[in-house]
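Hey, can you work out the whole structure from these sequences and the hints?
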Amino acid sequence: MPPVPLTRMHISEPDFLPEDTEHIRFSGTRFLAWFLFFFYFSGVHQAIIYFSGIAGFFGLTQAMVMSLLWLVPVMLFPARGKLIAGIAGVVLWTSSLFSMGYLALYHQDFSQSVIFIIFESNWAESSEFLHSYFAWWMLPALAVYTLIPWLIWRRLQPIGGTPVTRLLLTFTICLAVCWPMLDRVIINKESLANGFSEQVNSMEPVAPWQLVMGFVKYRQALSNAENRLLASDKPPLEALVDNNADTPNTLVLVIGESTNSRRMGIYGYYRDTTPRLAAMSDELLVFDQVYASRPYTVESLVQALSFADQLQPNLHLEKPTLVDVMKQAGYRTYWITNQQTQTQRNTLLTTFSKQADEQIYLNTNRSQNSAQYDEVVFKPFEDLLNRPESKKFILVHLIGTHRAYRYRYPESFKIFNDSEDLPPWVRRKRHRREYNEFDNSIVYNDFVVASLIEQMNKSGQNGYLVYFADHGEEVYDYPHRLFAGRDEAAPTPAMYSVPFLVWRSASWKRNNRIDVSYDMTRRIYSLSDFLHTWVDLAGLRFIGFDPGKSIINPRYTTGPVLIGDPAKPEALADVRQKFFPAAATMMPVPAAFHPPEPAYRPEHGAVNGTAPVPDQRMLHQ
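For what it's worth, numbering that gives the first Met the number 0 labels the leading residue of the sequence shown as 0, then goes sequentially.
Treat the hints with caution; some may be incorrect.
[To be verified] As a list, the in silico DMTMM-like pairs of lysine to aspartate or glutamate whose alpha-carbon atoms are at most 20 angstroms apart:
| no. | residue 1 | residue 2 |
| --- | --- | --- |
| 1 | 318 | 282 |
| 2 | 457 | 282 |
| 3 | 390 | 245 |
| 4 | 390 | 356 |
| 5 | 457 | 381 |
| 6 | 318 | 237 |
| 7 | 508 | 573 |
| 8 | 567 | 282 |
[As the list claims (entries may be wrong)] Pair by pair, the computed Cβ-Cβ distance ranges are:
| no. | residue 1 | residue 2 | range |
| --- | --- | --- | --- |
| 9 | 46 | 238 | 55 to 65 angstroms |
| 10 | 182 | 238 | 43 to 53 angstroms |
| 11 | 188 | 156 | 39 to 49 angstroms |
| 12 | 75 | 559 | 47 to 57 angstroms |
| 13 | 170 | 477 | 47 to 57 angstroms |
None of these hints come from the bench; they were simulated from the model. Idealized CB from N, CA, C, for every residue including glycine.
This is the structure we're talking about:
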């Protein structure tokens, strides 16, 4: 059989061969096409941010410069340029989805705060949010977003040029990309550390470096925080005095999750979502103007459980935390949590829990079962109440009313199912369902908190129990926007308004009198000052205690109740000016005032329907 002519053989060859690139003249148009391919994954995101007025031009310019970096391997290995671009494109596309998705949901740039929140969350929590925010238009938007770079990639042709030309271009690109560091180190004679920091800041707006650099910063911050939080050389409290040193005491702090006080019946909500707490309201101090400083768990609790606040956010690393304070006062400290910890994962909040003498992690299932109800805290709480120690501090951290709300309560607490009494702007089926599910989760949370109070009361302990939520949650509360969740860039009262309740045993009331007045329960207050209220309740005194920051103290003074990201001081705002400008204009600003009524209050008042009677057997499961 005669050989087949070479011209007729079907051989699959690459678009261009190594020897071909030596004879192709440099093409500026082709160079631009390669640049546009790499720039696309950061440029689209930054262009939207700039032209929509969300942020300035810095991100867009850095995306232009830093995208040049991907041209370096293309210039050095021209014969493999298209393969390199394909692999890089997949990496860039994947990483850019985080920033594009965040922009689509929250209409703001992807920041370090977001990265911190991502890494402090777990997959179950993240998937719940993704499911909640998913909309049909996201699929065609994703298809278009993916199709455009694929079409560009298919049409890429070798840039060409001699080896010398490509080396010169490579050198120029490296110089442009590394200029932020070179400028600091060579031109301004600063340290290499400062130069590296400037380089990182310049690369952060660009995929995939926003994730890479963010993760590096997160790990560094976490390691530093853990070392300093658990350090034994923190300065002790000066002149510490315990006015209750001679009596056995059990002090309990219950921290809720994502609970908006405006959706609680005990705070005037039109639905009866807190029947058990309402039934014992005569035994409670109910404070109705308490606000979280941040709408995120870790950021809020770091301040609430330490001397840190919005103006000094890092004091938790320098001064004793609440757990440290109680240990110095001679208390045995315990931390019970139903928060998902991924088998005691290394997060900042878990590091806080490690300060306690004993930790009880209840939600450590690797499958991260979302429907692990808060009643699991009852048995270990009862066991700790029965411990023989004369001085106990018990912190109970609930999963509360965290999204997805339907996983936060058993079927028996599914009280609200219809839409007849919903606000008129809540029309979509999914919105109606979530609105009802959130209220049902509050009904169950009411059962949990009330049960913990009942357990403590039955135990005969001398002490008190304080309950607050780490932050609020907006769930279609306002007619001008249909939103569920939290968004620090567009704050609303629902995201920051939190329940704040105090229950005291009869013996504690006799020995620790508080001048309770109507105005006291309406004092406007920030959770960032909570440590001062706690030690005031406990009867502790030391140098550094500020009675003006204790909501129960006669010397309480009204100060700014700041919300916003402390890393951006210009973004900090007083809730009185942000949410209640009419009250803020009063001179002087009152320490206590009643805010406007909720956005919706039906004429017929509270809905018909009651919550189930608590099954006492649940207390011992």
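Quiz item: Holds or violated: 47 to 57 angstroms for the Cβ distance of residue 170 and residue 477?
Solution: Since the Cβ atoms of residue 170 and residue 477 sit about 56 angstroms apart, the hinted range of 47 to 57 angstroms holds.
Quiz item: Given the hinted pair residue 318 and residue 282, is their alpha-carbon gap at most 20 angstroms?
Solution: violated (34 angstroms)
Quiz item: Holds or violated: residue 508 with residue 573, Cα cutoff 20 angstroms?
Solution: Given pair residue 508, residue 573 is violated - Cα atoms ~34 angstroms apart, limit 20 angstroms.
Practice problem: Sort out whether residue 237 lies within 20 angstroms of residue 318, counting only the CA atoms. | Solution: holds (12 angstroms)
Quiz item: Okay, residue 75 versus residue 559 on CB: inside 47 to 57 angstroms?
Solution: holds (56 angstroms)
Practice problem: Given the range 39 to 49 angstroms, decide if the beta-carbon distance of residue 188 to residue 156 lies inside it. | Solution: About 44 angstroms separates the Cβ atoms of residue 188 and residue 156, which means 39 to 49 angstroms holds.
Quiz prompt | Assessment of proposed distance window 55 to 65 angstroms (beta carbons of residue 46, residue 238) | solution = At roughly 59 angstroms between Cβ atoms, residue 238 and residue 46 fall inside 55 to 65 angstroms, so the hint holds.
Exercise. Below or equal to 20 angstroms on CA atoms is what counts here, so check residue 390 against residue 245.
Key: Holds. Residue 390 to residue 245 sits at ~10 angstroms (cutoff 20 angstroms).
Quiz prompt | Satisfaction of the hinted span 43 to 53 angstroms by the C-beta atoms belonging to residue 182 and residue 238 | solution = Since residue 182 and residue 238 have Cβ atoms about 51 angstroms apart, the given range 43 to 53 angstroms holds.
Self-check item: Pair hint residue 390 and residue 356, alpha-carbon separation not exceeding 20 angstroms
Solution: Holds, at roughly 13 angstroms.
Self-check item: Restraint check for residue 457 with residue 282, where alpha carbons must lie at most 20 angstroms apart
Solution: Status holds; Cα separation ~14 angstroms.
Quiz prompt | 20 angstroms limit on alpha-carbon distance, applied to hinted pair residue 567 and residue 282 | solution = Given pair residue 567, residue 282 is violated - Cα atoms ~41 angstroms apart, limit 20 angstroms.
Violated hints for the displayed structure, listed by number in ascending order: 1, 7 and 8.
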